[in-house]
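Each protein sequence line maps, in turn, to chains U and B. Residues in the first sequence are numbered from 1 upward in steps of one, following this note's numbering. Residues in the second sequence are numbered from 112 upward in steps of one, following this note's numbering.
Because the hints were derived from the structure by calculation, they are not lab data. Just so you know, even glycine gets a beta-carbon here, dropped at the ideal spot from N, CA and C. Fair warning: there could be bad hints in the mix.
[Said to hold, decoys possible] Subject to a maximum C-alpha distance of 20 Å in a straight line, what follows is the list of computed EDC-like cross-link-like pairs (lysine to aspartate or glutamate): (1) B/Lys181 x B/Asp165; (2) U/Lys70 x U/Glu52; (3) B/Lys181 x B/Glu138; (4) B/Lys168 x U/Asp98; (5) B/Lys164 x U/Asp98.
[Unchecked claim] Partial list, computed: chain B residues near chain U (C-beta under 7 Å): (6) Gly151; (7) Gly153; (8) Gly215; (9) Tyr216; (10) Phe218; (11) Ser220; (12) Gly221; (13) Thr225; (14) Val226; (15) Val227.
If you want the building blocks of each chain, they are given just below.
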Amino acid sequence: AQTVTQSQPEMSVQEAETVTLSCTYDTSESDYYLFWYKQPPSRQMILVIRQEAYKQQNATENRFSVNFQKAAKSFSLKISDSQLGDAAMYFCAYSNNDMRFGAGTRLTVKP
Amino acid sequence: DAGITQSPRHKVTETGTPVTLRCHQTENHRYMYWYRQDPGHGLRLIHYSYGVKDTDKGEVSDGYSVSRSKTEDFLLTLESATSSQTSVYFCAISEDRSGIANYGYTFGSGTRLTVV
Chain U
1 AQTVTQSQPE MSVQEAETVT LSCTYDTSES DYYLFWYKQP PSRQMILVIR
51 QEAYKQQNAT ENRFSVNFQK AAKSFSLKIS DSQLGDAAMY FCAYSNNDMR
101 FGAGTRLTVK P
Chain B
112 DAGITQSPRH KVTETGTPVT LRCHQTENHR YMYWYRQDPG HGLRLIHYSY
162 GVKDTDKGEV SDGYSVSRSK TEDFLLTLES ATSSQTSVYF CAISEDRSGI
212 ANYGYTFGSG TRLTVV
C-alpha cells in the first residue's frame, strides 16, 4: 500500500522568510499525482498545489513551489515570503486511485 | 465555491447509538468519499462511492456503512458509535477516482463527532 510520510510535525517561520515542508512517499507505480493541501483553523481543506508525476518540471503557484524528486520519492513544499495567513496544517497527499494523506505539518508564522 | 455541504457540523452522541452523517453535492460528480481526520494520522479513507448504489471500502471501514441512493447524497452511518470513532469526518468529491480531472478532491467543511 502506498504511504505518505511527513517527518516534521511542526515548523515555524518568520514572516517574509522562506520555509520548506518535507514529504516522502512510497509507491511502485510510475504514474500518479501529488498534492499539498492547506487546512487553516476553519478546518476547510484547501488545495495549494498539484504535481503530475510524469512531468519533470516542478509545479509553482505564486509563492508556493514544489521540489519533486521522483527517484527519491520526495515532494517538498516551499513557501516564499511567508505571510501570517499561511499559518495552518499542511498535508501532503498521493493519488493513483484513491488519495492518501500524510499526518500533516503544523506551520506557525511569527510576526 | 464547489457545491458540497456536510451536516451536521458538530454532533455529540452517546456510545452505542446510531449516527448518520450527510454529504450533499450540487456538482453532479461521480465520485464521493468519506475520510476521518485524527491527530498523527492525517486523513484516512473510510468508504467511497463511484455511482448510485456503487460503494466500496477504504482503509478504515470497520464500524461504518454508507449509502448512495442519489447522485447528490452520500450518507455515512455509524451503526453503534464507539469512543474510538470520535473524530472529524470529511466528505470529498471528484470527477474521477484519482482526482486529477478537477485538480484534486474538493472537500466539505467537515463534521466534528464526539462519542461520549
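Any hints this thing doesn't respect? Which numbers, in order? 13, 14 and 15
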